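Chemist: Mapping of the sequence shown onto numbering that gives the first Met the number 0: residues 0 to 204, in sequence order.
Just so you know, these hints were derived from the structure itself, not from any lab.
Everything numeric in this text was worked out from a predicted model, so none of it was measured.
Every residue gets a Cβ at the ideal spot worked out from N, C-alpha and C, and that includes glycine.
Among the clues, some could well be false.
[What the hints assert, rightly or not] In silico EDC-like pairs for lysine to aspartate or glutamate, Cα to Cα no more than 20 Å straight-line:
no., residue 1, residue 2
1, K35, E16
2, K35, D128
3, K38, D48
4, K34, D116
5, K34, E92
6, K38, E21
7, K35, E53
8, K149, D48
9, K149, D116
[Said to hold, decoys possible] Distance windows between CB atoms, simulated:
no., residue 1, residue 2, range
10, A154, E82, 17 to 27 Å
11, K38, L144, 49 to 59 Å
12, E168, E82, 37 to 47 Å
13, N106, Y150, 23 to 33 Å
14, E82, D137, 36 to 46 Å
15, E141, S195, 42 to 52 Å
16, V178, V19, 33 to 43 Å
17, T8, G194, 18 to 28 Å
18, M0, S79, 37 to 47 Å
19, H65, R145, 41 to 51 Å
20, L189, A58, 37 to 47 Å
21, G194, Q103, 37 to 47 Å
22, D137, T69, 35 to 45 Å
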Amino acid sequence: MQLLELFPTIVGVFDCEVFVREAPVWRAEITEAFKKREKEFDCPQHQTDDRLHERPALAGLIDFFHRSSTEYMRALRCQSSLELHLQCCWATEHLRHGRFNMHQHANSFLSGAFYIDVDETSQPILFRDPRPQNRTLDIPVEVELRINRKYYTVAPSIGQLVLFPSWLEHSVAPNLSDVPRVSVSFNMTLHGQIGSAGRFTRATI
């Protein structure tokens, strides 16, 4: 029998090679961003604003995001003339029982989650099969395989980046650890000539 795995959804995982050296500076800057947000709202905040990419102290981290995104696009064999622009970037702190419900990222093409602080008990990011028709029947399986999964998890690892299409729904279960789960997320938009004249889909974005 021949099995064709049609239309795969690609998620990229990248290790930051300079994390150990740069992490103290990045952590300090993100802490300052949390404090700034708390001062604005006069109460504890567990998300920063979305302008972290404008902070000079995080330039090395943002450069890693750009390089990883370029590698991701190259792996998909996308035309090199296409450009990705980072539009917003923010940090989130999950204390014990903190969670993210199922969601996707609007107004963007590619999104990422980078783990600044997690421990071995931190909950993974869970991606859901984007085909709703595949979830209309909950069919039991004897062995969970790539071809029969409805969900896929990626365990967080400190200094690691997970890149995924912005339309791909994902969630994070409640944090069961007393160690805060700190991540930096971002959204990128696509720019350039897309589509084709032959299919009448040509556009410049």
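Chemist: State for each hint whether it applies.
Modeler: Here is how each hint holds up against the structure:
no. : hint                    : in the structure
1   : K35 - E16               : violated, 29 Å
2   : K35 - D128              : violated, 37 Å
3   : K38 - D48               : holds, 12 Å
4   : K34 - D116              : holds, 17 Å
5   : K34 - E92               : holds, 12 Å
6   : K38 - E21               : violated, 26 Å
7   : K35 - E53               : holds, 14 Å
8   : K149 - D48              : violated, 33 Å
9   : K149 - D116             : violated, 28 Å
10  : A154 - E82: 17 to 27 Å  : violated, 31 Å
11  : K38 - L144: 49 to 59 Å  : holds, 50 Å
12  : E168 - E82: 37 to 47 Å  : violated, 26 Å
13  : N106 - Y150: 23 to 33 Å : holds, 25 Å
14  : E82 - D137: 36 to 46 Å  : holds, 42 Å
15  : E141 - S195: 42 to 52 Å : holds, 43 Å
16  : V178 - V19: 33 to 43 Å  : violated, 18 Å
17  : T8 - G194: 18 to 28 Å   : holds, 21 Å
18  : M0 - S79: 37 to 47 Å    : holds, 38 Å
19  : H65 - R145: 41 to 51 Å  : violated, 29 Å
20  : L189 - A58: 37 to 47 Å  : violated, 23 Å
21  : G194 - Q103: 37 to 47 Å : violated, 23 Å
22  : D137 - T69: 35 to 45 Å  : holds, 39 Å
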